[in-house]
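**Q** One letter stands for each residue in the lines below.
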Amino acid sequence: MAKDLVKTLADLKEEEALKIVEARLKAGDDPLKILDDARRALEIVGKRFSDCEYFIPDLVYSGEILKRITDMVKPKITKGREAKRLGKVVVGTVAGDIHDIGKDIVVFMLDVNGFEVFDLGIDVPAEKFVDKIKETGSKVVGLSGFLTLAFQSMKDTVEAIKKAGLRDKVKIMIGGGQIDDQVKTFTGADAYGKDAMEGVKLAKGWIGG
Amino acid sequence: MEKKWEEMSAKEKREARFKTWLSAEGVNFQSPEAENTYKKAIMRFKDVVLLGKTPDRVPVFPFGTFMQGHLYGVTPYESMYDYGKLLSAHRKFLEDYKPDYYGSPAFIGSGKILDILDYKLYRWPGHGISQNSAYQYVEGEHMKAEEYPALIDDPTDFWMRTYLPRVFGAWEPLTQVTPFPNLWEVVGVSGWMIPFGIPPVQKALKALMEAGSEAMAWIEQIMGFEMEARGMGFPTAIGGAAKAPFDILADTIRGTRAIMVDMYRQPDMVLKALERITPLYIKQGVGMATFAGNPVVFIPLHKGADGFMSDEQFKKFYWPTLKALILGLAAEGCVPFLFCEGSYNTRLEYLKELPKASCFWIFDRTDMANAKKLLGKKLCIGGNVPAGMILTGTAEQVKAYCKNLIDVAGKGGGYIMAFGTAMDEGKADTIHAMIDFTKEYGVYK
Numbered sequence: 001m002a003k004d005l006v007k008t009l010a011d012l013k014e015e016e017a018l019k020i021v022e023a024r025l026k027a028g029d030d031p032l033k034i035l036d037d038a039r040r041a042l043e044i045v046g047k048r049f050s051d052c053e054y055f056i057p058d059l060v061y062s063g064e065i066l067k068r069i070t071d072m073v074k075p076k077i078t079k080g081r082e083a084k085r086l087g088k089v090v091v092g093t094v095a096g097d098i099h100d101i102g103k104d105i106v107v108f109m110l111d112v113n114g115f116e117v118f119d120l121g122i123d124v125p126a127e128k129f130v131d132k133i134k135e136t137g138s139k140v141v142g143l144s145g146f147l148t149l150a151f152q153s154m155k156d157t158v159e160a161i162k163k164a165g166l167r168d169k170v171k172i173m174i175g176g177g178q179i180d181d182q183v184k185t186f187t188g189a190d191a192y193g194k195d196a197m198e199g200v201k202l203a204k205g206w207i208g209g
Numbered sequence: 001m002e003k004k005w006e007e008m009s010a011k012e013k014r015e016a017r018f019k020t021w022l023s024a025e026g027v028n029f030q031s032p033e034a035e036n037t038y039k040k041a042i043m044r045f046k047d048v049v050l051l052g053k054t055p056d057r058v059p060v061f062p063f064g065t066f067m068q069g070h071l072y073g074v075t076p077y078e079s080m081y082d083y084g085k086l087l088s089a090h091r092k093f094l095e096d097y098k099p100d101y102y103g104s105p106a107f108i109g110s111g112k113i114l115d116i117l118d119y120k121l122y123r124w125p126g127h128g129i130s131q132n133s134a135y136q137y138v139e140g141e142h143m144k145a146e147e148y149p150a151l152i153d154d155p156t157d158f159w160m161r162t163y164l165p166r167v168f169g170a171w172e173p174l175t176q177v178t179p180f181p182n183l184w185e186v187v188g189v190s191g192w193m194i195p196f197g198i199p200p201v202q203k204a205l206k207a208l209m210e211a212g213s214e215a216m217a218w219i220e221q222i223m224g225f226e227m228e229a230r231g232m233g234f235p236t237a238i239g240g241a242a243k244a245p246f247d248i249l250a251d252t253i254r255g256t257r258a259i260m261v262d263m264y265r266q267p268d269m270v271l272k273a274l275e276r277i278t279p280l281y282i283k284q285g286v287g288m289a290t291f292a293g294n295p296v297v298f299i300p301l302h303k304g305a306d307g308f309m310s311d312e313q314f315k316k317f318y319w320p321t322l323k324a325l326i327l328g329l330a331a332e333g334c335v336p337f338l339f340c341e342g343s344y345n346t347r348l349e350y351l352k353e354l355p356k357a358s359c360f361w362i363f364d365r366t367d368m369a370n371a372k373k374l375l376g377k378k379l380c381i382g383g384n385v386p387a388g389m390i391l392t393g394t395a396e397q398v399k400a401y402c403k404n405l406i407d408v409a410g411k412g413g414g415y416i417m418a419f420g421t422a423m424d425e426g427k428a429d430t431i432h433a434m435i436d437f438t439k440e441y442g443v444y445k
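Residue numbers (the numbering used here), protein chains in the order written: chain A, 1 to 209; chain B, 1 to 445.
These are computed hints drawn from the structure, not numbers from a lab.
One thing to keep in mind: the hints can contain errors.
[Said to hold, decoys possible] List of simulated lysine-lysine pairs, DSS-like, C-alpha gap at most 25 Å:
#1 B:K427 <-> A:K67
#2 A:K13 <-> B:K272
#3 A:K155 <-> A:K132
#4 A:K194 <-> B:K372
#5 B:K19 <-> B:K98
#6 B:K316 <-> A:K13
#7 A:K13 <-> B:K315
#8 B:K315 <-> A:K47
#9 A:K155 <-> B:K427
#10 A:K7 <-> A:K19
#11 A:K47 <-> B:K316
#12 A:K194 <-> A:K155
[Said to hold, decoys possible] Selected chain A positions facing chain B (Cβ under 7 Å, derived; list incomplete):
#13 G96
#14 I98
#15 T148
#16 L166
#17 D168
[Unchecked claim] What follows is a list of derived Cβ distance ranges for each label pair:
#18 B:D154 <-> A:D181: 45 to 55 Å
#19 A:K74 <-> B:E141: 15 to 25 Å
#20 A:T136 <-> B:P200: 47 to 57 Å
#21 B:E349 <-> A:K74: 19 to 29 Å
#22 A:L32 <-> B:N370: 19 to 29 Å
#23 A:D4 <-> B:D367: 38 to 48 Å
#24 B:E141 <-> A:K76: 27 to 37 Å
#25 A:D4 <-> B:T394: 54 to 64 Å
Note that the Cβ used here is the ideal one computed from N, Cα and C, for glycine as well.
Only chain B is shown next, with the shape it has when bound in the complex (with noise of 0.2 Å):
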């Protein structure tokens, strides 16, 4: 008899995970080889990542974001307003360039959506920024400095009822519901249910329901699409998601000064405020990732990068909860994707208190060399090729570039060629090249 999910080993649940992705259910493999080019790129994988034996050769990943669209000439309005659009141009990418494993177009999300639900967090294209252009953030503090309580008290009711209605117009109305534990029995069921018959409440929840009836929309497009790419021999290489939670607090509600200034006025909130959230973030990620079927959970690591803040600022805010969040997400078998923009030089040596094989890191301007030396023999390494040569360079330079880094980081395995960020942009020459040439020279004799 199978053994109880709960009974396994982090390793066992772990191997399940990647049965489970192995197995592609649902999936119509176009041919054979479809099939067996999924497969091998899922051992390849597994091969890199858990520094088992030396993979066959050097997987390569070229994420991107609005990249697919960009490359066949849609615009990124394009890419979050029509879906099909979006799609054949995901579909086209697969076909041309043949990666070993795709980015859900799922990353673009839906500008309908956003639309509806008037989101004040990020600009996105044709709404405050050109239709040419991708989304981007904007900094802001969605939670006052003397919240950090609220925060504490009840992350969830923070949530629903103060953060959501700030960073949502449509929600707004929804700071009006009473807290959800207030509801107990027979007596206060119908009190409990004035809010919701307020007429800026109902045009809030009739907003949410527009918006699901997009997102069921969407999701069905791209949902077609996965499975499609799936069948065609693509593996996607992202399962589920989470953030670092001192991002959480420094990008999603705090926004940058603020929390930067928190950490000196106080310091002991943020603290509290960190080691309350991080549960929460494992959570999300594994339940993703079990979802997904897919046990690689993306985690976009931000203001913990070298320059940032101090040595001492990153032990003490930073590291500690991202730790947890790895070792959390590790522990449900799990394969935490730390996609590191920026450089992590300085940070280095935090890194190999990490298990072996706990997790993967996709690095942007971290030294590779010193990286592969201080953690090649504990965790799988990847990325480090420059945007810049990709979008102003050529195919040459490319090729050059990502000779050093087989040779030198994908020594003996554990390296995953890969762009050192998410790219909005593409140009179809030097990804060509880098493809191309990872899986000729990259092959391990």
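Bound conformation, chain A alone (with noise of 0.2 Å):
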């Protein structure tokens, strides 16, 4: 191969990664290949953004590339196959509070950095995310949150997982807007993550990997 897909991509060359990506399927390679590509460029992306490298704006475009080059390799897929993941994390902006840009990067780091996410979106009641971590069995739970009423509902969605029985079975971390350390220790989670790359360095000093 004469241009290297990984390096193009992380490069955010999205015009050559996609000629790249088309040339490959015509020469019949395994399109489970170009997307291991895909993610180790992705990798490097969040990599570059831990370094200050990157920054949100070339997140979101490395994100569109992907997407593309998603688009047009899954037709030509037959068979699927697991990557081997870090852990499990259960992610969410809680109840009350609809931002999610935020949630998003943080999400974005952990999946590139080999974690499971199971992102639960925006608003999220504090019993949903009880019923996620119990149906995932994940470690390590990540409440995201703008607005100061966040501050509330974080503290509510520990109180619930410590309800239901499974406060020591998980990790939580807060982050977003407002928060700073005094936040978390109103709401009783177990640390607060100032941006993305510090919520996967919590999720993986808890998790390890």
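Taking the hints as your guide, dock the two standalone chains into a single complex.
**A** Shown next as structure tokens:
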């Protein structure tokens, strides 16, 4: 292969990356291999984001390019293959809050760092977190919130997890907007991450990897 | 003879605007003390923002949105639907807390008007979110990627016949109205009016009239309160509003994800659009400040904060038109009030490009010691009292925090005590601590 998909995608060269994918598909390359390369590229994007070399526009753009690649490759896939994952993390924006930009970045970063992420979306009631923890056996929970009303919702969610008898089975991290260590204490969470990179670090510290 | 407005320098214009603000036309002061408090607060503001003489003390501005209601048991829903309840909370807040300036209840707006217009850009209490939640912005793409040329070609037409019909359900039929410049002489008048006879368009116009009637009912009560508040001795801190051109594209019309992809796929279009719309928002800020008789133009900043974009992207996409907006407003004698949530540590060097005392910056999580060091001689700064501490901390913690802010950022003037964010909620003991402590400890000797 003349051009390296991993490097091209990691450098966010959209048209060039798509051309490589097209050529590889035409040449009969294994579509799963192409997706593996794309995943490796996104890992590099995540790494560059951690190193403050990339910022949110770059993350969002890499996601957009990946979407186009996946659309091209998906119809050619016949058999699935599960990637090995470090561990499971449940993430969501807490009840009453509908903001998702920050949460989506955390999901992206956890995903490219090898975690299996269950994204519950926005305005997530406490019970939904509890149910998902039970269902998946996730050991880490990430609560996101932009508004100050999220302080109470986070506290309620931690409380609900406790009531369900799961508190000693999970580590809970919080982040977003006006969250800080003081708010962490108020909510009863285990840690506060000031950005997505810290979220990844916390999850790695708890789960390993 | 007095100079004509257009002959005045920027400084003379600013002076004239301050004079109007101070004159408090139409205000019925409750007492000579109230009048004195009002005027002293404005002079304090002027000293602190223009970095002239050292002010008498650090000014304190506890800026809230739904906070005043929250402190007195008025829900966000009630704040948006029961104007009387909202205003009585605001009145009590002024009586009990005595801030130097008040944040206008007009910031809340009317839920009834949003209902009539079927607004899609936000959810508000009782409409898509709980009655106890403040209004919240909904991410969406309200201008398509290929519509930049239409926006650049004629922003007003784009707004009226494309953008507004998308974000207001009730406005939707107005896509059928013919462009306004098409109406030129007698032969065209009758034909141009035809769309206004189409039943859905007539229905849309009726909805606008209904919204207008509600707006009149709303503003009557709001203005009543505003005049009363001033009569009690409290000036409002804000005259007009504008937005960073990049944020108009990113929040208002394209959505966060879309604009970020545009920066890659069509950077030239983004830059052209930014340049095209900048004068519109200078005009808006100036117009509102003139109407309000108050020079301060509030500019909430969003997508340029640390971490949102790279330095290179900030320099290319965000800063040039924000700077042009600030300079344009200042040239007309306005005082831009940059409200800077998140942190701006990596952007402070850019702020040094701004002329002395051309604007002021309320920061959230920016390192205040560094901001003071870099900007202290040029620009007034403020804020940084954390929402988390106000809502979950103690009065003692807040006092200690404010003491440090006054010692470090307030040294020699040029600092306004304020929260880092516009508060949706409040807590009595900590807010009292912030205000009372500042009034006591913040005196310059």
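**Q** Hint by hint, which ones does the structure fall short of?
**A** Violated hints (numbers, rising): 1, 16, 17, 21 and 22; every other hint is consistent with the structure.
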